[in-house]
Amino acid sequence: MIPNITLVIQGLAFFAVVLVVMKFGWPHIIAAIEDRQNKIAEGLSQAEKARKELADADARVADEIRKARTEAATIIDKAHNQASEIVDKARLDAVVEATKQKAIAAAEIESMAHRAREELRGKVAALALAGASKILNREIDANAHKALIDQLVTEI
Amino acid sequence: MTTEGAGSVNMTEYIQHHLHHLQLSVGDGVFMKLNLDTLFFTLVTGLIFLVLFLRVSRRATAGVPGKLQCAIEMVVLFVDGLVKETFHGRSKMIAPLSITIFCLVFLMNFMDLLPIDLLPWAWASGHALTGHDPAHAYLRIVPTADLNTTFGLSLTVLLLTQYVGLTHKGIAKFFAEFLTVPFQAPGPVGKVLLAPFNLLLRLIEECVRPVSLSLRLFGNMYAGELIFILIAVMTLGAAFAHFSTYLLGIGQFFADFAWTTFHILIITLQAFIFMVLTIVYLSIAAESH
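Residue numbers (the working numbering), protein chains in the order written: chain A, 4 to 159; chain B, 134 to 422.
Everything labelled a hint here was simulated from the structure, so no lab data went into it. All residues carry an ideal CB built from backbone N, CA and C; glycine is no exception. Heads up, a few of these hints could be off.
Where chain A lies over chain B, by a calculated footprint (3+ residues, C-beta under 8 Å) [stated by the list, open to error]:
1) 166-173
2) 178-192
3) 209-219
4) 225-233
5) 271-282
6) 285-294
A few chain A residues facing chain B, derived, Cβ under 8 Å [stated by the list, open to error]:
7) 23
8) 27
9) 33
Please model the entire structure based on the sequences and the hints provided.
Right, here's the structure in full:
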């Protein structure tokens with residue numbers, strides 16, 4: 004039980020082992036561990052980033068869809084407006100055209116009636132003249148009695 | 134765990150034989166003796182530790198680690214965390230030192246779990262085969278149950294403590310603290326008066342630490358070994374013809390099983406305590422008072 008020289012050798016051997024571990028063992032293992040820790044941290048942060056990006060993309064897609072929907076709605080609205088506008092315009096045009104045509108027709112009718120009346124009047128005058136000449140049995144000089152006849156015509 | 138030879142039934146002889154080191158005299162006196170068995174098994178456990186640790190560290194990869202690498206990394210991280218928590222100085226040595234203490238002391242303690250008579254029996258048989266007297270084939274296989282080992286460790290730790298103290302504080306401050314700490318006085322007279330007491334206390338402290346550190350480990354392992362020997366004594370010189378052999382054999386099995394199981398806890402705990410106290414001593418040495 005009395006300590007002997009073995010003590011010194013044991014101490015030295017122990018110290019030698021410590022030195023070897025310190026020089027050749029510990030740094031490698033710690034480096035590998037730290038490397039792996041970094042890798043894991045990196046992987047986790049990248050996963051987090053990817054997750055965020057995915058969420059972003061989802062949000063963007065939803066946004067895009069919403070925008071497209073509103074755009075479609077505006078286009079449809081506009082189309083509706085345009086259609087009704089066109090219809091209105093057509094109606095207005097038609098009305099205007101109809102009025103115009105009516106006016107033209109009325110004018111024509113008027114002018115035709117006038118002409119017919121003039122013609123009739125001329126014919127009446129000639130008839131009256133012929134009748135009168137027959138009654139008087141002589142030739143009436145149309146020119147001489149023109150004033151008379153015209154008066155007659157206007158009276159008719 | 135039966136013992137050899139029905140002839141030597143002497144219990145005292147058996148125990149004394151088991152507690153005797155294989156020694157080689159290298160000079161005059163009691164001190165100049167080498168415990169060859171302690172040295173040999175220290176070498177074996179040290180080599181096991183170094184080979185495993187260095188092999189793994191050489192092949193250490195940041196990728197997917199193997200099972201052995203995982204196991205060693207777990208120990209490394211455990212020790213590293215402990216050191217970082219306790220020791221706030223700057224020293225590259227302390228973490229490798231701690232893991233070396235833990236693994237080496239654990240492996241040396243582990244030798245205690247081997248059947249108490251296995252290696253001594255093989256050694257004695259070898260002796261007999263080569264024509265020597267097996268009665269002089271001494272062998273103790275647990276290096277930490279030898280005071281030399283535990284004192285060797287704790288004295289190395291003591292020297293390292295002084296070294297860490299010196300490098301962290303500088304020579305002047307380091308030696309000044311011998312005289313000024315822990316008793317402090319405001320005036321120069323008081324300081325001079327208290328200096329001898331400070332020095333005395335410091336010297337006692339420095340001496341007590343390695344002694345308590347080594348005796349704790351030695352005591353636990355020696356007692357553990359002794360209990361294994363005492364359990365083995367139950368069937369010492371037993372013969373198959375006796376009924377008591379079977380009864381005692383069963384008793385010995387259960388006693389051995391229970392003590393081995395409990396001893397797993399002890400050897401781990403003692404290795405852990407040795408490591409933690411080393412870290413604590415080093416951090417105390419590194420911190421200024």
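Hints the structure violates: just list their numbers, smallest first.
-> none
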